[in-house]
Structure formats: structure tokens, C-alpha cells
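Asker: In case you want the letters, here they are:
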Amino acid sequence: MNRQAQAAVLFLTGAALLHAGFTNLYLRYVKAGLQPLLLLSGGVLIAAALATVWYEWRGRRENRGDGHGHDHGDGHVHREPRVSWLLVLPLLALILVAPPALGSYSAMRTGTALQQPYGYNRLPASGPLDLTVVDYASRAVYDHGRSIDGRQIKVTGFVALDRSGSPYLVRMALNCCAADAQPVKIALTGTIPPVLQPDKWLQVTGTYTAKQTKDPVNNGPIPYFRVTAATPVPTPKDPYDESWNN
Amino acid sequence: MHAGGFLVIGAMAAATLKAVAPASWLRTAAENPLVAILALAILAVLLSICSEADAFVAASLTQFSLTAKLAFLVVGPMIDLKLFAMQAGTFGRGFALRFAPATFALAIAGAVLTGAVLL
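Chains as they are written, first to last, in numbering that gives the first Met the number 0: chain A, 0 to 245; chain B, 0 to 118.
No wet-lab data here; the hints were simulated from the structure.
All C-beta atoms, glycine included, are put in the ideal place defined by N, C-alpha and C.
Possibly wrong hints are sitting among the right ones.
Said to hold, decoys possible - Once the Cα atoms are required to be at most 20 Å apart in a straight line, the calculated SDA-like pairs of lysine to any residue come out as: (1) B:K81 with A:A177; (2) A:K213 with B:A28; (3) B:K17 with A:S125; (4) A:K213 with B:A58; (5) B:K81 with A:S125; (6) A:K30 with B:A54; (7) A:K213 with B:K81; (8) A:K213 with B:A54; (9) B:K81 with A:V29; (10) A:K213 with A:S125; (11) A:K213 with B:E30; (12) A:K153 with A:S125.
Stated by the list, open to error - Pulled from the structure, derived: some chain B residues nowhere near chain A, Cβ distances all over 12 Å: (13) H1; (14) V7; (15) A20; (16) P32; (17) L46; (18) F90; (19) F94; (20) F98; (21) P100; (22) F103; (23) A115.
Stated by the list, open to error - Computed beta-carbon distance windows for the label pairs: (24) A:Q115 with B:F90: 10 to 20 Å; (25) A:G42 with B:P32: 30 to 40 Å; (26) A:S146 with B:A2: 50 to 60 Å; (27) A:Q34 with B:A2: 17 to 27 Å; (28) B:M11 with A:T22: 16 to 26 Å; (29) B:F90 with A:R225: 36 to 46 Å; (30) A:K153 with B:R92: 54 to 64 Å; (31) A:A31 with B:L65: 25 to 35 Å; (32) A:L85 with B:C49: 16 to 26 Å; (33) B:N31 with A:H18: 46 to 56 Å; (34) A:A7 with B:F90: 21 to 31 Å; (35) A:S165 with B:G93: 46 to 56 Å; (36) B:T113 with A:K199: 42 to 52 Å.
Sequences and hints are given; from them, build the entire structure.
Answerer: Listed below in C-alpha cells is the structure:
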């Protein structure tokens with residue numbers, strides 16, 4: 000890989016990082032708090048690319064100008080080994096494919112990561128409750144539904160189906176980046192829409208039920224949710240739940 | 000640029016293994032304490048999670064013993080697939096092939112000793 004190719008790859012990688020950082024694309028891969036670092040590294044890569052081009056241009060001009068008697072001791076072109084070309088792969092993946100956030104495939108192959116919370120936020124005294132998947136699941140399992148029993152509840156997550164076709168509502172919870180994302184699952188019962196597509200985002204309305212099941216992957220608890228209505232919703236801006244463990 | 004190429008190899012291997020290897024093998028591994036330690040140590044190598052986030056992943060591995068989780072936490076930052084790829088790229092394949100197993104064994108030994116004394 001010669002100097003020009005290095006500069007081009009560095010510049011494109013930096014530009015792709017800036018693009019992902021300024022749009023919401025980066026939220027598919029890392030947590031929101033990493034946006035400044037992402038933009039910074041994009042800027043550094045572009046600066047490195049420009050510096051590479053500049054040194055290359057200056058080196059050439061010097062060589063042409065007083066090529067005699069002025070020996071750098073570094074007459075050969077600085078080349079990087081072929082393995083550097085692999086850097087093009089993630090770049091192409093980001094530009095051409097833009098891999099989606101983790102969905103039902105990963106969710107059903109990983110056990111539920113539900114943990115006992117340290118405490119619960121106080122809920123509004125009346126009206127329907129808007130809960131996250133993690134909030135509903137931890138209140139249902141570890142608080143035995145005391146704070147939510149008899150209330151009308153709305154939960155938003157994506158659909159995942161297990162091998163027997165039973166539906167789950169899932170939200171991936173993340174601490175740092177998609178590599179450590181883990182699912183929290185709620186099993187659905189009641190009036191479930193007849194056709195459910197995995198990975199489609201749903202807002203389900205319904206009530207708490209004491210029924211529970213075990214995740215076949217890690218024996219973790221999965222609470223049930225009695226659905227009365229379900230409406231498709233667009234994918235949220237941040238597909239992951241970052242309130243997790245904070 | 001050179002190290003970046005190797006980083007891509009390591010990341011590809013880790014991502015593929017994470018997507019392809021079924022998590023259910025962990026469940027059978029958790030029953031035997033020695034196998035559990037080894038299984039979580041290998042999992043740490045395969046997953047290549049950064050040390051900022053691995054404690055949360057370890058916390059969700061509820062069916063494992065504390066020593067096994069400690070092994071997961073110690074082995075992860077010491078040696079994983081992307082580190083191995085970077086070492087192979089920077090210091091040469093021969094060095095990485097000797098250095099990586101040594102770090103792996105030492106990290107497990109450290110975790111088991113600490114676990115035996117403290118946990």
C-alpha cells in the first residue's frame with residue numbers, strides 16, 4: 000500500500016466516522032456518550048490523511064529540486080504491507096451495508112440479562128404507565144408487580160420469536176458498544192396480533208400478569224405481559240437501552 | 000496502518016464467533032467448577048469485550064461460580080482475539096503464538112489462586 004492509498008483510506012475512514020457520528024447511525028454501534036470521541040477520532044484520521052499527502056508532496060518536491068547531494072538516507076517509498084488493505088473492509092461495510100443494530104437473531108441466542116435493580120423510580124399515581132422493557136421486567140420479576148398490578152401499561156420493544164414461535168418483546172441493553180449488548184425479554188400473552196415479524200418494533204398496551212417462564216438459554220427469569228392492543232412503531236432513534244445499570 | 004489491518008482480522012474473528020457460537024454450550028459448562036473456569040476464560044478470549052463493559056457481562060453470567068467470573072474478568076483484558084491479532088502483527092507470529100498461551104495460562108492461574116484465597 001503506497002502513500003497515496005494510505006492517505007485515501009485514512010481520509011475515507013475519517014469521513015465515514017464523521018458521517019456516522021453526525022447522523023444517528025453511530026447509535027447502532029456504540030453508546031450515545033461516545034459521540035464526541037467518535038467525532039474527534041474522525042477529525043484525527045482526516046488530519047493524518049492530509050498530513051500524509053502533504054509530506055508526500057513536499058518529499059517529492061525536495062527530491063526533484065535538489066536531488067543531488069541531499070541524501071535523506073530514506074530513498075525508497077514508504078510502503079505498508081498488504082494486510083493494511085483489510086482496513087477497507089469495515090469502511091465498505093459502513094458505507095455500503097451500514098449493518099443494522101442487533102436484533103432478534105442475537106436476542107434469541109443470548110440469555111436474558113435481567114438483574115435485580117437497586118431500587119425503583121416512583122411511578123405516576125394515575126393514567127397509563129409508559130415503561131421500558133427493562134423496567135417492566137424488573138418490576139414484574141423482582142417486585143412481584145406490586146407497583147404495576149392493575150395499571151394500564153405501555154411497553155416498546157422489538158419482536159423476537161423462539162423456536163416454537165412464541166413471541167417475545169425484547170430490548171437490547173448496552174453498556175459501551177454493540178459487542179456487550181445483551182437482551183432483556185418479556186414474553187407476550189393475551190391478544191397478540193396474528194402475524195408478527197421478528198425485528199419489527201411494537202408498542203404493546205396491556206397489564207401485568209404474575210406468570211413467568213425461564214429463558215432456555217441461561218435459565219433467567221422472563222415475565223409475561225398480557226397484551227390488549229399492539230401498534231407498530233418506527234425504530235427508536237437509539238435502538239439500545241442505555242439506562243441499564245446506570 | 001499496519002496494526003489496523005490486524006485489528007480488522009481480530010475484530011472479524013471475534014464478531015463471527017460471537018454470532019455463530021451458540022450460548023447454550025455455556026449452560027452445560029457451568030455445572031463442573033473446573034470446566035466453568037476454563038469455559039469463561041475461553042469466552043473472554045472469543046468475545047473480546049473491552050474492560051469497561053465486561054463486568055456487566057460477567058454479572059449476567061449468573062449460573063457460574065465467582066471464581067469463574069473472576070477468570071472471565073482477568074483473562075479478557077490480558078488476551079483476546081484482537082490482542083492476539085495485534086501481537087502477531089507487531090511482534091511476529093512466532094512470538095504471539097508463545098506469548099498468548101503464556102498470558103492465558105498465567106491469567107487463569109492468577110484468577111484461580113485469588114479466588115481460592117479470597118472468594
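Asker: Are the hints correct? Go through all of them and say.
Answerer: Tested hints:
About 16 Å separates the Cα atoms of K81 (chain B) and A177 (chain A), which keeps this hinted pair within 20 Å; it holds. Between K213 (chain A) and A28 (chain B), the direct Cα distance comes to roughly 18 Å. Compliance with the 20 Å bound is thereby established for this hinted pair. The suggested pairing of K17 (chain B) with S125 (chain A) is violated, with an alpha-carbon distance near 44 Å, which exceeds 20 Å. With a C-alpha separation of about 18 Å, the suggested pairing of K213 (chain A) with A58 (chain B) holds against the 20 Å cut-off.
Among the hinted pairs, K81 (chain B) with S125 (chain A) is inconsistent with the structure: their alpha-carbon atoms are about 51 Å apart, more than 20 Å. Note on K30 (chain A) and A54 (chain B): the hinted pairing holds, with a Cα-Cα distance of about 16 Å set against a maximum of 20 Å. Between K213 (chain A) and K81 (chain B) the CA atoms are separated by roughly 34 Å; this puts the pair beyond 20 Å, and the hint is violated. Of the pairs offered as hints, the one joining K213 (chain A) and A54 (chain B) is violated, with about 23 Å between alpha carbons and a cut-off of 20 Å exceeded.
Proximity of K81 (chain B) to V29 (chain A) is assessed by CA-CA distance (about 18 Å); at most 20 Å being required, the pair is judged to hold. In summary, the hint linking K213 (chain A) to S125 (chain A) is not supported, as the alpha carbons are separated by about 32 Å, beyond the 20 Å threshold. For the suggested pair K213 (chain A) and E30 (chain B), the alpha carbons sit about 18 Å apart, so the restraint of at most 20 Å is met. At most 20 Å may separate the alpha-carbon atoms for a hinted pair to count; K153 (chain A) and S125 (chain A) meet this at roughly 14 Å.
The claim that H1 (chain B) is not at the interface with chain A is violated, since a C-beta of that chain comes within 12 Å of its own (minimum 5 Å). The claim that V7 (chain B) lies off the interface is violated: its Cβ sits roughly 4 Å from the closest Cβ of chain A, which falls inside the 12 Å cut-off. With a minimum CB-CB distance of about 9 Å to chain A, A20 (chain B) fails to clear the 12 Å threshold, and the non-interface call is violated. With a minimum CB-CB distance of about 17 Å to chain A, P32 (chain B) clears the 12 Å threshold, and the non-interface call stands.
Annotated as non-interface, L46 (chain B) brings its C-beta within 12 Å of a C-beta of chain A; the closest such distance is 7 Å. F90 (chain B), annotated as away from the interface, keeps every beta carbon of chain A farther than 12 Å; the closest lies near 14 Å. Distance check for F94 (chain B) against chain A: the nearest CB is about 16 Å away, which clears 12 Å, and the non-interface claim stands. The Cβ of F98 (chain B) lies farther than 12 Å from every Cβ of chain A, with a closest approach of about 19 Å, so its non-interface assignment holds.
The beta carbon of P100 (chain B) is kept farther than 12 Å from every beta carbon of chain A, the shortest such distance being approximately 23 Å. Annotated as non-interface, F103 (chain B) keeps its C-beta farther than 12 Å from every C-beta of chain A; the closest such distance is 20 Å. Remark: the non-interface label on A115 (chain B) is consistent with the geometry, its nearest Cβ contact in chain A lying 26 Å away (cut-off 12 Å). Separation of Q115 (chain A) from F90 (chain B) is about 44 Å and departs from the stated range, judged on CB atoms against 10 to 20 Å.
Look at G42 (chain A) against P32 (chain B): about 49 Å separates their beta carbons, and that is not inside 30 to 40 Å. About 51 Å separates the C-beta atoms of S146 (chain A) and A2 (chain B), a value consistent with the hinted range of 50 to 60 Å. The beta-carbon spacing between Q34 (chain A) and A2 (chain B), approximately 25 Å, falls within the hinted interval of 17 to 27 Å. Distance hint check: the CB atoms of M11 (chain B) and T22 (chain A) are about 25 Å apart, consistent with the given range 16 to 26 Å.
Remark: the range hint 36 to 46 Å for F90 (chain B) to R225 (chain A) is contradicted by a beta-carbon distance near 59 Å. Judged by the Cβ atoms, the range 54 to 64 Å given for K153 (chain A) and R92 (chain B) holds: they are separated by roughly 55 Å. Under the hint 25 to 35 Å, the C-beta atoms of A31 (chain A) and L65 (chain B), about 32 Å apart, fit the expected range. A C-beta distance of roughly 21 Å is found between L85 (chain A) and C49 (chain B), which places it inside the suggested range of 16 to 26 Å.
Here the CB-CB span from N31 (chain B) to H18 (chain A) is close to 49 Å, well matched to the stated 46 to 56 Å. The hinted window of 21 to 31 Å between A7 (chain A) and F90 (chain B) holds, with their beta carbons roughly 28 Å apart. Taken as a hint, the range 46 to 56 Å holds for the pair S165 (chain A) and G93 (chain B), whose Cβ atoms sit roughly 52 Å apart. Look at T113 (chain B) against K199 (chain A): about 47 Å separates their beta carbons, and that is inside 42 to 52 Å.
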